[in-house]
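From first to last, the protein sequence lines are chains S and F.
Note that this note's numbering has the first sequence beginning at 725, numbered continuously upward.
Note that this note's numbering has the second sequence beginning at 964, numbered continuously upward.
Please note that a few of the clues may not be correct.
Claimed, not checked - DEER-style ranges, computed between Cβ atoms:
#1 LEU1309/F x GLU785/S: 52 to 60 Å
#2 THR761/S x GLU1289/F: 34 to 42 Å
#3 GLU1289/F x GLU785/S: 26 to 34 Å
#4 LYS1290/F x GLU785/S: 25 to 33 Å
#5 GLU785/S x LEU1228/F: 19 to 27 Å
If you are wondering where the hints come from, they were derived from the structure by calculation, not from laboratory data.
A virtual CB, placed ideally from N, CA and C, is assigned to each residue, including glycine.
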Amino acid sequence: MIEITCNDRLGKKVRVKCNPDDTIGDLKKLIAAQTGTKHEKIVLKKWYTIYKDPIRLSDYEIHDGMNLELYYQ
Amino acid sequence: MGSSSGKKHKKDKKHSHRSRSRERISTNRGIDEDVTLDLTDDSSSTRQHRHHKHKKQHKEHRHKHHRHKERERPSEVISLEESDSDIYELVYFSGSDCVEVPVEQDARAKARERERDQIPREREREQIPREREREREQLPREQPLTRDREREREREREQLVRDREQEVATPPPPQISKHADYERERRREREVEREREARKRAGRERERVRGARSRSQSPTSSQQQQQQPAREREREKERAHSPIPENGAGDVLSIAETNKLRAKLGLKPLEMDSGPSKAAAPAASGSGSGSQQQESKPRSGGDKDLSAYKDEWGEFLHKPADNIQEKKEAEKLRDKLKQRKEKRFLEERLARIRTLGESDEETDNVSKWVDRNKRVVNEREEAKRKAKELEELDEAFGVADLVEQEKQKTRQQAYSDRNLKGLRVEHDMDDFGEGRTVILTLKDQDVLNEEDGDTLVNVNMLDDERYKKNVANKKLNPLSYGYNVYEEQYDKLGNPIERAILEKYDDDVDGKPKTRKNFVIGENVEEEREHRRKLLEIKTKLAGKRLETLQDTNIQLASDTFSVEELATFKKPKKKVKKLRQKLKAEDLEPLAEAAGTSNMGSRHGRYREADDEDVVMKEEPQIKLEPDDDDLERVLNKARKLKQKENIIKKSLPIDVASIKQDIKPEPVDDASSSTGVILSSADGNIVLNATAEFCRTLGDIPTYGMAGNRNEDSNDMMDFDNNDAMDEHMDGNHEEPSLSHGTWNSVNPDEVMQPADLDNLGDDVEERAILDEEPDVGAGVANALRLALSKGYLEKEEKNRPSNTKMAHLQAKNYSIEDKAAGEDDKIGRRDRFHAGPIMDFKDKETFKPNVKLDYIDDNGRILNLKEAFRYLSHKFHGKGPGKNKIEKRLKKMEQDGLMKTMSSTDTPLCTLTMLQQKQKETKTPYVVLSGSNKNAAGVSGASISKFK
Chain S
725 MIEITCNDRL GKKVRVKCNP DDTIGDLKKL IAAQTGTKHE KIVLKKWYTI YKDPIRLSDY
785 EIHDGMNLEL YYQ
Chain F
964 MGSSSGKKHK KDKKHSHRSR SRERISTNRG IDEDVTLDLT DDSSSTRQHR HHKHKKQHKE
1024 HRHKHHRHKE RERPSEVISL EESDSDIYEL VYFSGSDCVE VPVEQDARAK ARERERDQIP
1084 REREREQIPR EREREREQLP REQPLTRDRE REREREREQL VRDREQEVAT PPPPQISKHA
1144 DYERERRRER EVEREREARK RAGRERERVR GARSRSQSPT SSQQQQQQPA REREREKERA
1204 HSPIPENGAG DVLSIAETNK LRAKLGLKPL EMDSGPSKAA APAASGSGSG SQQQESKPRS
1264 GGDKDLSAYK DEWGEFLHKP ADNIQEKKEA EKLRDKLKQR KEKRFLEERL ARIRTLGESD
1324 EETDNVSKWV DRNKRVVNER EEAKRKAKEL EELDEAFGVA DLVEQEKQKT RQQAYSDRNL
1384 KGLRVEHDMD DFGEGRTVIL TLKDQDVLNE EDGDTLVNVN MLDDERYKKN VANKKLNPLS
1444 YGYNVYEEQY DKLGNPIERA ILEKYDDDVD GKPKTRKNFV IGENVEEERE HRRKLLEIKT
1504 KLAGKRLETL QDTNIQLASD TFSVEELATF KKPKKKVKKL RQKLKAEDLE PLAEAAGTSN
1564 MGSRHGRYRE ADDEDVVMKE EPQIKLEPDD DDLERVLNKA RKLKQKENII KKSLPIDVAS
1624 IKQDIKPEPV DDASSSTGVI LSSADGNIVL NATAEFCRTL GDIPTYGMAG NRNEDSNDMM
1684 DFDNNDAMDE HMDGNHEEPS LSHGTWNSVN PDEVMQPADL DNLGDDVEER AILDEEPDVG
1744 AGVANALRLA LSKGYLEKEE KNRPSNTKMA HLQAKNYSIE DKAAGEDDKI GRRDRFHAGP
1804 IMDFKDKETF KPNVKLDYID DNGRILNLKE AFRYLSHKFH GKGPGKNKIE KRLKKMEQDG
1864 LMKTMSSTDT PLCTLTMLQQ KQKETKTPYV VLSGSNKNAA GVSGASISKF K
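Work the whole structure out from these sequences, hints included.
Here's what the structure looks like:
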């Protein structure tokens, strides 16, 4: 289990617990559940890389305690 | 850390006995701290330790709010219950503790807060004993009692502490530590840490004691603190593993909530096995102290739960490589098991087989074996006997003979080559090679077709034939449709094959020929073959093919001489016998004349002479020479001969005494070297003289009287040889009489009267002239003749006649200069007339003597003859209308002058005529020399002038 912080810099900051073998899509759903936005509208970014839904966190090398940027589309 | 810890140690000693009760706890903590310390490096821990001392107050404030929140939340206890209690203790007593990870700081801060919260409570509690003391003071009797009780209590506590210290002193369970060295280090560090802790605690305690006034109350407070609510502990636990500081995080869900959510989303629950709680649990249980666990959790625990991803420094960790050795061993083991299994299987199978050594009741027992053998033998004998009996029975009834007969019959009936006789085989006989076996089968035929009878074929051979046919078809020119008119086909023997008309249609649709070569078995094949072979031999012989042995003919050296055998076969080439009659000499003729005199009749005479001649020939053979004769000589000789002949004739005709005449006539030397034409001339009367004309005339027709005597002597050509001015005119009279004498012969023509003397060459011409029409060349004979005819008829013109005609080119003709014309007819009228009357076949006559000498000269204005170069230049100047320049003209004039001089120059003298002068001088002086000396005295008078001239 890892915990990831997602922050849109507009007032929403969420800590999400997830597994490293979850996909980004799963993570988005979890975030959606916590923030109340639709998961389809969520975009996760780290700098300029937009994380894609079908890829696992471990493949993106997202580790425990990492900060992801949260955007909406 | 060493130095600082040392100092602390000293300080600790001061407060050691005061804080005994607390030491118990601190020692506990110390043990746990060991675990953390060996993982972290000391300097950092101390640094942070100090740092946290400063920050402590702020943090307490900050975290207050959160803690309250969490307290309200239902807390989940996952694990670490024991350790949690310890943490609490630690937090309470140690107050601010050194922690590296923010979470810990957090926890400790909370703990501190709690501590603070408790301080008023403690004070309240402390007030109670104070009141009690007061009461005791009020009731002095009771005091010793209470004091005693307190002492007892303290004693008990001390004992407890001692016990615990002993526990701590004992080395930690071996499961945790793997190496002895490691263990030792840890212990050392633990001691150091303990001292540090003690010192710190003492400091704090002092403050607290000051605040609390009474020291004795502290243990109670500690006891109270030990009973911390479990809820709070759980909360700590829950948050502890998170790497994200709580202050930074926004919305957080607990694990349970997350799991619920995940279940709703269809995701698997969070992996807690790798989580920190589970990993920390055994560590806590092993160490038996919670406070250390709290510190170690984020490091060691975090490491463990992420062991799949991180190593101990937080680096990404790769999956450990497979242990090859283990694998190998497993493999080995598996192999071994397999082998065992097989072995067992084999053994089982072998166990079933009876070995030689194994006992067999039947064979082992001798009596049994004998019995069995006997039984077998008996059975055999029985069978034999029965067979014999049956045979005997058969014989008795005569069945055996019948059987024999049957057998023979069947044998006779067996299909043999006799049965094959008369069968037709549909293959060429030559296809069956000698000593080759071919299996023939009956050909497929219609059942109702009985006329053809059975025919045998070999399927493979049929296939071969078809293949050959196909190949042949492929080779054919597709445009000729298999029909070549000009191609001659031959069979094997070289006979041309007669082809039927449109034979290509003889094959049926399938391409199978309707008629095939076949033969009948049983017919005499050998004979036929022999016949064929002979035919073939003949053919080959006719074709010029000879069988030659491959053996070498022995090679011999060519020798210069003949061997005896060769000499026997050798024939000398015969020398050509030259006809010598031609080379008769005058002397030879003399006896001839005599003979003529003796023998009257020419024929007989001639016969005699011939014999005589031969003798002469034989005699004179070696002396005769062939010499080129000149015509004059020949002519003279001919004349002489004729004269002689005439004489003879006269003799014959006139009955004169031969002998007397003979004496009168002086025999002329007749050198009968006949002409190179090879005409045989017979001398005198009896002999025949042949020449070209005579031969020609002879072939003209059968002359009935030719063979008569005397007739031969008359030669029509004789007259040609006579000269008009011949001295023998006197004999002409005699000659005139001759025709009357020679009856039945050709009429001789008097040459004087009829013909002018003409030589043989002109003879033909005369004949031609006489003819009205020319002999027409045979057109069919060739192109040359055809051309000739065309020429003669004027269809074609010769090159010469192709010149421009006079009329057309009259203006080009020279006015005062006429070139002699070639045409012969123009000069005389007769010729011109002839031209018209001769007809188209007549040739146009050329002038015989026409030989024009054509010379082209170019002459310049001065009349000088120009050479080629000059002529060209002259023409060129004229053509371009532009003459040469002045210089050029001068130069040319000079050259011309020089040329003129050169031409006039004498070739024998120098240009200054010195030679002539010299000669003149010599004449003057009448000396053959000229004195050239320059001395004036001597030669001044003589040749001074000349010398000066010569100089």
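Item to check | Pairwise beta carbon distance, GLU1289/F to GLU785/S, judged against the given window 26 to 34 Å | outcome: Given a distance of about 30 Å, which is inside 26 to 34 Å, the answer is holds.
Next on the checklist: For the hint 52 to 60 Å, verify it against the beta carbon of LEU1309/F and that of GLU785/S.
Outcome noted: Holds, since LEU1309/F and GLU785/S (Cβ atoms, about 57 Å apart) stay within the stated range.
Checklist entry - Within 34 to 42 Å or not, the Cβ separation of THR761/S and GLU1289/F? => result Once the Cβ atoms are compared, 50 Å apart, the range 34 to 42 Å for GLU1289/F and THR761/S is violated.
Checklist entry - GLU785/S and LEU1228/F, beta-carbon distance inside 19 to 27 Å? => result Holds - the Cβ-Cβ distance for GLU785/S and LEU1228/F, about 23 Å, lies within 19 to 27 Å.
Item to check | Beta-carbon spacing of LYS1290/F to GLU785/S - inside the hinted bounds 25 to 33 Å or not | outcome: holds (30 Å)
Of the numbered hints stated above, the single one contradicted by the structure is hint 2.
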